[in-house]
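Trainee: Assemble the whole structure, with the sequences as input and the hints as a guide.
In case you want the letters, here they are:
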Amino acid sequence: MLTHVIERILQALAVMLVMSALVFVGVYAIGNPIDVLIGPDVSQDIRLDTIARYGLDKPLWEQYFTFLDRVLHGDFGRSFVFGMPVLELILSRLPATLELTLAAVLGAALVGIPAGIYAGYRPDSPLSKLIMALSILGFSVPTFWIGLVLIMTFAVELQWLPAGGRGETARLFGVEWSFLTPNGLSHLLLPALNLAFFKLALMTRLARAGTREVMLTDTVKFARAAGIPESVILRRHVLRLISIPLVTVFGLEFASTLAFAVVTETIFSWPGIGKLIIDSIQSLDRPVMVAYLMLVAFVFIMINFLVDLTYFALDPRLRKGRA
Amino acid sequence: MRTETPIARFWSEFRESRIAVAALVVVVLMIGVAVLAPLIAPQNPYDLANLVLSDARRPPGYVGSSGYTHWLGTDAQGRDLLSAILYGLRISLQMGLVAGAFAFAIGVTLGIAAAYLGGRREAFIMRVIDLQLAFPAILLALVISALLGQGKAQLIAALVAAQYAYFARTAHGAASAERGKDYVEAALSTPLPARQVIWRHILPNCLPPLIVVATVQVANAIALEATLSFLGVGLPVTEPSLGSLIANGFQYMLSGRYWISIYPGLALILLIVAINLVGDQIRDQVNPRLKR
Amino acid sequence: MTDAPLLEVRDLTTQFFTRAGVVRAVDGVSFCLRRGEVMGLVGESGSGKSVTGFSIIGLIDPPGRVASGSVKLDGRELVGLPADELRSLRGRVVSMVFQDPLMTLNPVLTIGEQIRLAIEAHRSMSAAEARRRAIAGLAQVRIPRPEATVDFYPHQLSGGMRQRVAIAIALLHRPKLIICDEPTTALDVSIQAEILAEMKELVAELGTALIWISHDLATVASIAQHVAVMRLGKIVEAGPTLDVLTRPQHAYTRALLDALPSRARPGEFLLRGGGVPDAAPPARKPAAAAAPVQGAPYFVADRVSKRFESRPRALRALGQKLGMLQPPPAVMAVDEVSLTVPRGEALGLVGESGSGKSTLGRMAAGIYAPTSGTVRLEGLPVMSEGAEPKKLTTRVQTIFQDPFASLNPRMRIGDGIAEGPLAHGLVDKSASGAYVRDWLAAVGLDPAFAERYPHQFSGGQRQRVAIARALAMQPDLVICDEPVASLDVSIQAQIINLLMRLRAELGLTLIFISHDLSVVRHLCDRVAVMYRGRIVEEGPAGEVYDNPQHDYTRRLLAAVPVLPEAAA
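Chains as they are written, first to last, in the UniProt record's numbering: chain E, 1 to 323; chain F, 1 to 292; chain G, 1 to 568.
Derived by calculation from the structure, the hints in this document are not laboratory data.
Cβ coordinates follow ideal geometry from the N, Cα and C atoms, glycine included.
One or more of the hints may lead you astray.
What the hints assert, rightly or not - Calculated cross-link-like contacts (lysine-lysine; reagent style DSSO-like; alpha-carbon spacing at most 27 Å):
no., chain 1, residue 1, chain 2, residue 2
1, E, Lys-221, G, Lys-429
2, F, Lys-181, G, Lys-390
3, G, Lys-390, G, Lys-285
4, G, Lys-390, E, Lys-221
5, G, Lys-72, G, Lys-234
6, G, Lys-200, G, Lys-72
Said to hold, decoys possible - A few chain G positions that, by computed beta-carbon distances, are all more than 10 Å from chain E:
no., residue
7, Arg-92
8, Arg-174
9, Leu-392
10, Arg-395
11, Gly-425
12, Glu-482
Mentor: Right, dumping it as structure tokens:
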């Protein structure tokens, strides 16, 4: 167990290093940021001076090591566009994305898992068929299109909810959150719904597939033969047995939702890191892109690690050998 | 009793699901319509000479200056939306299928090679694949298409890079399972040459789960392409896919000109839902744990 | 109490609605069971014996359902009872034990939790009280250290212990009837003997009635007072066990008994096995193989070992190198075993699961390379050495246990048989069709079957195909890895007869691996008994069986259930 943890940490460090090199080389091959930094009408001197100031005249590997050295000191450089430290910029945008993602993933799990278990338990009932039809739809319809429809329906036609922005925020632990104010909550609802749609379908399908398989096993038959009520079988046997794949997907989906927020944030002008990355790709704001990708890689590795640890908690077969 | 090939057996089981058969018909029809688009579309949307600016953004049913009825309306450039959708479908399908085929070939080769080779080489290949799978496909595609710029080939490269790993992992899992089965051991202990064991024994038996992944991934590729085009890093407006059509219409949505975005969106959804329904039925059929 | 039977089954009919139409899995079954009585329900696969058990307890899953008939338990009609009332009876009045304890227990709950769920199904109890009951229940089924076992997970227990846990759960509420569906089939013969003995004591002690469902006449004979023989959904014969097994009235019961190798003289064709008039196998191609090394014994495995170890990951490997970490204990599946088989002999390799007999067989067959030691046929190695060993000879071929797994489902059987001989030039392309047809005829199949796929065949037919595939490679030595273990007795008899005939006609040398001592006795000249990776006893079959020397061999032979013999 301990060697396992150490191994994973070393592995994570190696992965981060490889990622940083890949991201750096990849991002720095895009376009020429100097055109972003200065206007076209400045003198050649200022141009050269700016290039030198940002170290853009150095060979790529030297730029990389300078970058790496700075990162190790917590310095991701300054945004070309915003002119502020990238770390500060990303951290200021992160809470918006976090609350959006959490709302979406938790909502999806709380609705999707029970719906999926029901659909797997009674695969032939009309309600199950409806659930599955909806889940196919949710699974298939691109997120951005649902976003458009949501805006058109609830913001434009019905005018119930706002179409964009975060609304009012309140401060908690020194960070601004939307979900703490009624107005902010109303702003959060549509984007969270939008982002949750795909996850909801995924969780439902996964819970259903797992339940269907488990229901056919001898474990369930044996429990029935012992006279255990169906509700207990579902809660104690089935839920435990399907929890392992569910946790995996929950973890991975949480991470990928952070990334997918790109789409939702663009549509709803939600000022999170997804909106930031799209803007910086369009404006070739290299330091932001690099830092963002490193952050996503880091979050992914952390979540994978946590999922791994959860396995040990959920599956006794991994914990200890035969006594 | 006649000889019943595994494919015939599969088909007779598939036929039992009316929904899946209907979905398959829809997929085939849409592919047919896309292939025949130049013959059946009322207008060639790429031909700029056809476009009349005064016809732009007209609602469905509008009779254009050429006396032709635009049943689904026109878009911002004055293109007949029905024609644009047919051509867009063609491009979307093309992207999805070509990217899917490349991702399939690359991924399956890697996955089966890893399973067959075993040892350190297997560990290395699968490590890389797992790493990549841990990274969200959309982000990967986003960065790569930003890197390579706009264009069909670039977009396909981005889609393949985002998707081959799913094929590799599925192929590896299936091939590892098949590799341990008695019939493969029987073939190896005959002994038969490795090439023959892989091609005639392992690969054909890995196909069912791979076909399931292929349907899902083609559907995903189409959706991903649409998303990228929507975000502005996909295909150029001159040759719009369904995704770029939706993106183009987005700005007019708030002013009530819903049709520019909605109709291409419906076409896209119909296609993806149909592909996923077919994939769903195949998945149930090839899942050994649902067999009683 | 009155003499009224505990269980009265009348005209029970259970149907399954399948694509092919309605299947009557149970077709008008009637029988009675008195309190405390043990009844055996025997039959081959598809006879409806398990479905009968599930019908009684009301656990038929769709698309099946009890179509008609009546099941009266303690005077109460169970057919048509509302689901909830039926549930309240299950586990309390009637309970069930299944075949494979690995599949029935929930792998992610402790034994204690699973027992507690079964207790709470019928009465509420404090956690401490439930735990006490669980421990008492485990002690009752003779589980050592029940206070510790109650906190274990199923994977921490052996197969026999898991099945004891399942029995403990079935006994929790002192039911009047327990239905056991092949409860010892997945277990080794020595564990089976223990469970049988314990079960007998328990039901006698508790006065529980028992329905023991099995395909194995001998196990049923050793526990049941009454037996019913099922075939195609009907009971063909029923009565006191001794009568039915010694003076069978129905032709089917007689056929079942005749098919057992334990009732025949070793080396003779089994009655009812049929199949002597099969066509002769095609002629061998003249040997073009490398000349054998003069004077070498025929087949030799010299001090072979096989160690299975998981490859340590990078960090762990480093730790082991530096001496900071202990390498995990490796599993020695086969431990320095030497074996010599003379030409033309049939050697039986017997042992329980985990004894290493299959691993040894696979090394002999050139499927696994030994970790150390050599395997040679006429002085020539079976496998090459080096990091990626390859099999060098075609003269050793293998027949596998499970004919459902050993044939490629996506290949016509004719192509499967022809592909090896084609790859090694034993036959050319133009002649391969005829060659395949000749082989199919030789194993008793219609030559026209060559075009078909494996899913179109029954288990026995598939095993014939697998035999044809192995023999079409014209081997000298054939490794048979439990080739009849997954077949019904009547099919088993056919395959044994086929193997005996082909062995004589082709002058084959056999290594026959089996857990079934009676099959080995019947087929083999010599036996080697394996236990924990070593051969503990070896000798002519008759001597080893009649006069076992090693303690383990004696225990093994004593554990085999025996059929009652008719007083002649």
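Trainee: Each hint needs a verdict: does it hold in this structure or not?
Mentor: Checked hints:
Straight-line distance between C-alpha atoms of E/Lys-221 and G/Lys-429 comes to about 52 Å, which puts the hinted pair past the 27 Å bound. The straight-line distance between the Cα atoms of F/Lys-181 and G/Lys-390 is roughly 18 Å, inside the 27 Å bound, and the hint therefore holds. Proximity of G/Lys-390 to G/Lys-285 is assessed by CA-CA distance (about 24 Å); at most 27 Å being required, the pair is judged to hold. A hinted pair counts as satisfied when its Cα atoms are at most 27 Å apart, and G/Lys-390 with E/Lys-221 does not qualify at roughly 45 Å.
Proposed proximity of G/Lys-72 and G/Lys-234 is supported: the alpha carbons are some 19 Å apart, at most 27 Å. Distance restraint check for G/Lys-200 and G/Lys-72: the Cα-Cα separation of roughly 25 Å lies within the 27 Å cut-off, and the hinted pair is therefore satisfied. The Cβ of G/Arg-92 does not lie farther than 10 Å from every Cβ of chain E; its closest approach is about 6 Å, which violates its non-interface assignment. Interface exclusion of G/Arg-174 from chain E stands, the closest Cβ pair being 13 Å apart, more than 10 Å.
With a cut of 10 Å on Cβ distances, G/Leu-392 stays outside the contact zone with chain E, its closest approach being about 38 Å. With a least CB separation of 40 Å from chain E, G/Arg-395 remains clear of the 10 Å interface cut-off, as annotated. At the 10 Å boundary, the C-beta of G/Gly-425 stays outside the reach of chain E, the nearest C-beta of that chain being 47 Å off. Non-interface call for G/Glu-482 relative to chain E: holds, since the shortest CB-CB distance, roughly 23 Å, exceeds 10 Å.
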